[in-house]
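Model the placement of chain B on the given structure of chain A, informed by the hints.
Same order as they appear, the protein sequences are chains A and B. For the first sequence, the residue numbers in the numbering used here are 1 to 326. For the second sequence, the residue numbers in the numbering used here are 1001 to 1364.
Honestly, I wouldn't trust all of these hints.
[Said to hold, decoys possible] Okay, the calculated bits of chain B under chain A, using three or more residues with CB under 8 Å as the criterion: (1) 1206-1213; (2) 1233-1244.
[Unchecked claim] Beta-carbon label-pair distances, calculated as ranges: (3) B/GLN1177 to A/ALA297: 38 to 44 Å; (4) B/ASP1120 to A/ARG195: 36 to 42 Å; (5) A/ASP208 to B/ALA1306: 38 to 44 Å.
[As the list claims (entries may be wrong)] Covered stretches of chain A (chain B as the covering partner; in silico rule of three or more C-beta atoms under 8 Å from a C-beta of chain B): (6) 214-225; (7) 268-280.
Rather than coming from a laboratory, the hints here were simulated on the basis of the structure. The model shown is predicted, which means the values in this text are computed figures rather than measured ones. Backbone N, C-alpha and C fix where the C-beta goes; we use that ideal spot for every residue, glycine too.
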Amino acid sequence: MRARWLLAAALLGLACGYGYARLQRPAAADIAAAPAPAATQPDKVETSTTVRLPRLGEAAAQTLSLRNLPHPPLPPARPSWSSAQDALRQRAEAGDAAAAREWLERDGRCYSMLQFGLNGYSGDLPTREFSRAASRGHPRLRTVDPQLQQALAIGDEAQRRQALGALQQRLLDECRGYAPQGPGVRYALGEIAARNGSDKDFWQFINDPPLAFGYSRDLDQMIDWARRAPLMVRERARGGDADAAYALGMAYAQGLEEGRADEANSSHYLSAAVSDDPLQAYRWLSLYLRNGDGDAARSAAARAQLERLGGQLSAEQRAQAQGWQP
Amino acid sequence: MANANTLRDSVLLVALFAGGAAAGAWLGRSEAPAAAAAAPASAAQTAPAPEPAPPRETSTAAPAAGKAANTPAAALPPRDLPVADYFDQLAAQALQGDAAAARRLADDMAECANSERQFDAVEDILDRAGRGARGAGPDAAQERGPRPRRGREGSDDGLGEAERRLQFAERFLQRAQETERRCAGINAAQIARSGEFIRAAALAGDNAARLCYALAPNEWQRDLLSPEWQDWSQRWKSEAPDMVRRAFEGGLPEAAATLSAMYSPWQPARGTRPWTGQLGDQPYWAYAYAAVARQTLGAEAAPRLAEVMQQHAQRLTPAQVAQADAWAAAARARIRFEAPLPGTRDFWRSSSLCDGVRRAGGRL
Chain A
1 MRARWLLAAA
11 LLGLACGYGY
21 ARLQRPAAAD
31 IAAAPAPAAT
41 QPDKVETSTT
51 VRLPRLGEAA
61 AQTLSLRNLP
71 HPPLPPARPS
81 WSSAQDALRQ
91 RAEAGDAAAA
101 REWLERDGRC
111 YSMLQFGLNG
121 YSGDLPTREF
131 SRAASRGHPR
141 LRTVDPQLQQ
151 ALAIGDEAQR
161 RQALGALQQR
171 LLDECRGYAP
181 QGPGVRYALG
191 EIAARNGSDK
201 DFWQFINDPP
211 LAFGYSRDLD
221 QMIDWARRAP
231 LMVRERARGG
241 DADAAYALGM
251 AYAQGLEEGR
261 ADEANSSHYL
271 SAAVSDDPLQ
281 AYRWLSLYLR
291 NGDGDAARSA
301 AARAQLERLG
311 GQLSAEQRAQ
321 AQGWQP
Chain B
1001 MANANTLRDS
1011 VLLVALFAGG
1021 AAAGAWLGRS
1031 EAPAAAAAAP
1041 ASAAQTAPAP
1051 EPAPPRETST
1061 AAPAAGKAAN
1071 TPAAALPPRD
1081 LPVADYFDQL
1091 AAQALQGDAA
1101 AARRLADDMA
1111 ECANSERQFD
1121 AVEDILDRAG
1131 RGARGAGPDA
1141 AQERGPRPRR
1151 GREGSDDGLG
1161 EAERRLQFAE
1171 RFLQRAQETE
1181 RRCAGINAAQ
1191 IARSGEFIRA
1201 AALAGDNAAR
1211 LCYALAPNEW
1221 QRDLLSPEWQ
1231 DWSQRWKSEA
1241 PDMVRRAFEG
1251 GLPEAAATLS
1261 AMYSPWQPAR
1271 GTRPWTGQLG
1281 DQPYWAYAYA
1291 AVARQTLGAE
1301 AAPRLAEVMQ
1311 QHAQRLTPAQ
1321 VAQADAWAAA
1331 ARARIRFEAP
1341 LPGTRDFWRS
1351 SSLCDGVRRA
1361 GGRL
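Only chain A is shown next, with the shape it has when bound in the complex (with noise of 0.2 Å):
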C-alpha cells in the first residue's frame, strides 16, 4: 500500500514537471503553423547594439557615474556617400572631437539641403525655392552657413542673388551624391564631441542632441540620451561647473512645456529627462548662487525658481539644501 502511494508521488511529480515544462515552451504546433523557422533572431539585428542603461531614480543619480555607462554603440563602417565624411568618422572613432564636429556639421549641411537639390533644373542660381528659403528664414538654412547671412545682408539686390547663387552651387557641389547615415551613426559622434571636445560641444549635445525626437526610427538613441544626459551634467556641476549647477537645477524644476517657454532656459529636453524634484533643484539652484556666474538673467531665474520651490519644501529642507555640497 506504502509503495503505491510513494509510486503514485513520483508519477504525480513527473507529469506536473513535464507539464509546466511544456507550458514554458512553445507548442511543435504553434510552431509549425509560424511563419518560418526560428534559427536567428532577426529583430535583433538593429538593437542588439543597444546597452541598456540604468534609469536615473535619485537613489541611482546618487551612486551613478559616467564611468559606469558604456559609449554608445556605432554601426560598423560601411563606404558612405562621400570618402572624406568616411575619414572624419575614422579619426573621431578614434577620439578627434573636431573629426566628430565637422562630421556633424557636414552632415547637418548636406541633410539641409536635401529639399534645396536642383532636380532637373537646369537654370541659373540661386533656385527659387532656395532664395526663398534663405529670405524667410527657413529653419534648416538658419545655421547652414555663415555666408548665408552675409549674403542676405548685400543691399543690392544682383549682388545678393549673385552671392546666394554662388552659396547654394557651393553647397550642392559639397553635397553631391548626399545619402543621410542611420541615427546611430550620428549620435555616436556627437556623444564623442561632447565627451572629448569643447565646453561648446558638450553643451550642443545636451541642447540640441543629435538625434530626431519624436520619430520611432530614433528610439534606442533617445533611450540613451535620456538617461546619459542627466548623469553628463551631473558630473560636471559635482565639478564646480556653474552651467552645469543652473541646468540641473532647472531641469529639476520643470518638464519639458515649462522649460520650453522658459527663455533663460535652454535645457528643455534635459527638463524632460528627469523627474520634476523640488528638492533637487533647490539644492542646484542655491549651489549656482552661491558659485555664481555674474549672470543676471540667470540669476535671477534661479531666485524666482526657489522662491516658487521654497513653499514645496520644509524649513529644515530649505536650511540643509542651502548649504548641501554634491
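Same frame as chain A, but now just chain B:
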C-alpha cells in the same frame, strides 16, 4: 515511533514528487525543441534568412487579457456621447481584458490629445487658402510651379483652389468642434492613459491595435524622455515586432506590408517609414510579405507592391522566389485576411489615430 514513521513517509513522498517533477521538466524541455525544429525543415532549406515565430499568446498577455476570449464584450457607447460620460466604465472593462473597450478609449484619448492640433490644422488650411487667393495671378502660378496632379478629391468642378481649401477647412472645423465637445471634462491624467489602453487592446487581441501600438509608440506615450517614457519605450521595443507578426497572423493585411518594410533595407529617402529595416535587411522575407500584401491590400496598392517585389526578387535566386511565393500562398490559405481599410479619400472624416497608422502601415 508512529509519528516518526509518518514523518519519514511524508518526506519520502515529497522527495519522490520533487524528483518526478524534475525528471518531467527535463523531459518536457528536451522534447519541445526537437518537435519545433522538425516542423519547418523544408522551408529552412531554401529560405536563407529564417524568421522568429510569434510567441504564444500567453507570454506577453496583459494582466486580464486571458479573459478576453471568454468575456463577451459589452456594447460600446454611441460615438456622439461625451467621452467623460463613459470613461470610467470602459476603463474598468478595458482592464478586465475587453479589447473593444480598450481600443475605443485609446482612440478617444488620442483624439482628445489632438484636439488642439485639429484647430491648428484648420488655421493652417485657412492661411493657405488666404495665400492662395492673394497669389492667384500669373506670377503666383509660375511660382507654384507645375500644377499638381489632381486626386479624386480635386475633380474639375469649377471651384478654385482657394475655395476648395475653404470647404475643406469648414469640414475640418466641424470635426474639431465635435472633438472639443466630446472631450469636454477629460483631463491630462486620463489622456496620459492612452498608451495603457492601446497596449491593453493589443494584448487582448485587437488586430488594428496591435499594429497601431507597434508602429506609433510616441503617439501613445507623449511625455518624451521622461523616466516613464523610458520604461514605456524599453518595453515597447521588446514587444513591437511580435505585435506586428500577431496582427499579420490575425489577418490584418496592412501588417503584411509593414513586415515587408521591416525586412527591407532602410533607405535615406523622403517618406521612408520609421519601421523600415527594423528587422534587418532580409530580401526573402521582404519579398514574401510583399507577396501576401499584394494579394490582400487591393488593386490600388498592387502596382506599387509589384514594383517592391521586383526589387527584392533581384536579390534572390529563382528557387528562393518560388519558395517565397509558395510561402505567401500558404499564408493566404492559412490566414483569413480582413478587407483593407479604405483609402485616404475621406481621411478627414475619421478621427481615429489607429486608422491613420494602419493606412500608413499598409503603404510601401
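A quick look at each hint next to the structure:
1. 1206-1213: n = 0 at 8 Å, threshold three: violated.
2. 1233-1244: Result for this restraint: holds, n = 5.
3. B/GLN1177 to A/ALA297: 38 to 44 Å: Between B/GLN1177 and A/ALA297, where Cβ atoms are some 42 Å apart, the hint holds.
4. B/ASP1120 to A/ARG195: 36 to 42 Å: holds, 39 Å
5. A/ASP208 to B/ALA1306: 38 to 44 Å: At roughly 43 Å between Cβ atoms, B/ALA1306 and A/ASP208 fall inside 38 to 44 Å, so the hint holds.
6. 214-225: holds (count 9)
7. 268-280: Holds: 5 residues of the segment 268-280 of chain A have a Cβ under 8 Å from chain B.
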